[in-house]
Amino acid sequence: MRRIAIAWFVLSAILTPIVVAVIAPTLPPGNASNASSGQVFDDTVLFGIVTPIAVAIAVYFFYAMFVFRRRGPEPQEGVATRDNPGVHIPWLVGTTVIVLFLATFGTAELADAGAGGGQGPDPAFKPSGKVLPVQVIAQQWEFTYRYPTYGGVETAHLELPVGQQVAFHVTSLDVIHSFWAPKLGVKADANPGVDNIAYVKPEEELSFEIHCSELCGLWHGYMFDTGQVVSPSAFGEWIHEQQRVFAPATKVLPKYATHYFPEPERRGG
Amino acid sequence: MRSNGARLATVVVGVAIVAVLIGFYVANLLSSPPTVSASQTASHEVQLTLKTEAAVGPQGGNPPWVSYLIKDPEGNWIHSTIFKVPAHSLVHVTVYQFDGESGLRNPFLSQVQGTVGDRMTIDGKSLRSIPPEEASHTFAVPQLNLIVPLPGVHEEAKNQCEEGPCNLSQAHRTIDFTIHTGEPGRYRWQCFVPCAAGFLAGFGGPMQTIGYMDGFLEVA
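Quick mapping for you: the protein sequence lines, in order, are chains A and B. Take any residue in the first sequence, count from 1 to its spot, add 22: that is its number in my numbering. Take any residue in the second sequence, count from 1 to its spot, add 290: that is its number in my numbering.
Hints are computed from structural coordinates only; laboratory data are not their basis. You may find that some hints are simply not true.
Here are some of the chain A residues that sit facing chain B, going by a computed Cβ distance under 7 Å [claimed, not checked]:
id, residue
1, GLN161
2, THR166
3, LEU240
4, PRO270
5, VAL274
6, LEU275
7, TYR278
Note that this is a predicted model, so its numbers are computed, not measured. Ideal placement from N, C-alpha and C gives every residue a C-beta, glycine not left out.
Make the full structure from the sequences, and use the hints.
Now the structure itself:
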């Protein structure tokens, strides 16, 4: 037991800092937004907890494999061990501490404006300051985007200003979809008749992929798009160009709402 | 009590039936509509002539759902939704639209996007958009940012075509537009109008089936 503990301690002391300081921070989704960098931080903490646990399992596994391997005839089965407080108590205390810590840590991290997840129509965790609302409208098989603070213009592509807190209002016109922008650390289900709100603040200018992450029919695999995070001035130019280009469509759009129940459905059976 | 021979024969016949059914299913799954080329009209210019019918009827095989047909270079109407056009070329598209109005769920898609000049002509009249409730279908290639709403035949129109083959003496709308193709590739196209009669909210059947209201634009 002592040799196992020493091996575990030495290996954990070597590997945990390497995992936490070198490997985990480089893993996806990166640091393109507050949500994504928050997820990287969360993953780093989790890796920091799980590395000693994984090392303990590996050390015990290999120790048992080599030290306890049978060399002679089949040994007689020993007396059953009914209790071993030296194992039970540390196990119960250790797992309880870890679970309680993770619950507290996870809740605290969610308090950072929801950590990029969809929070439903009445978010429990809201960011402070000015927020740019962007409606994400899912339909088989394309996302379109509506900017209520710019005359309700709807666009075929998503563009966001860097450094601006954004509130995605995600909804669907037909079946269940899911709006997923991995680099931004945002994922929110798109349900018909529901306004699912997710917050994010892009921190750098970049192109990012958008995917539907809910199996939604024939072309689900093709339901993707590329969004852009640009400077505030470039965003201003872009959105005004969109208002000009899509003026005919904007005239016939329904008034901006949190969700829509489109009519007609003349063909529906 | 049956003999072992009879039991064996029953098992063999049962396995054979299941194998044949699986074979039919796989063959059906792997089969796709034929790829039909647009007609060359000039150097780097082709004409793609399509028609939409509310029910393709006997010419389109089974089931007779709403679908597209394409005119091949020999002038024959072929039931297919895989259209081949050249890369880096002008493609003049004419759609003879025989189906009725259904309406768009998202009115944003009533505006023409991605054609030359962002316009189309409907029955000879140049337009940028149509009233969303008059849409019958859309010809949309999202990867190419192409959306063309296709207006339906009005409900009160006379001599409507209920089932294919439809001909130009029957009530129809004529939609023309031109696109400029870029790099070679296989781009999927779809209809955004839930036009599947008899299916929940109009989204099943032909809306989910390549060969009906979904297909590919093969740019080669």
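Verification of the supplied hints:
1. A cut of 7 Å between beta carbons decides the hint on GLN161 (chain A): the least distance to chain B is about 6 Å, and the hint holds.
2. The interface hint given for THR166 (chain A) holds, since its Cβ lies 6 Å from the closest Cβ of chain B, which is under the 7 Å cut-off.
3. For the restraint placing LEU240 (chain A) at the interface with chain B, the shortest Cβ-Cβ distance is roughly 5 Å, inside the 7 Å limit, so the hint holds.
4. At a threshold of 7 Å, the smallest CB-CB gap from PRO270 (chain A) to chain B is about 4 Å, leaving the interface hint in force.
5. The beta carbon of VAL274 (chain A) is positioned within 7 Å of a beta carbon in chain B (closest approach about 5 Å), and the interface hint is therefore held.
6. Evaluation of the LEU275 (chain A) hint against chain B yields a held restraint, the C-beta minimum of about 5 Å falling below 7 Å.
7. The interface hint given for TYR278 (chain A) is violated, since its Cβ lies 12 Å from the closest Cβ of chain B, which is over the 7 Å cut-off.
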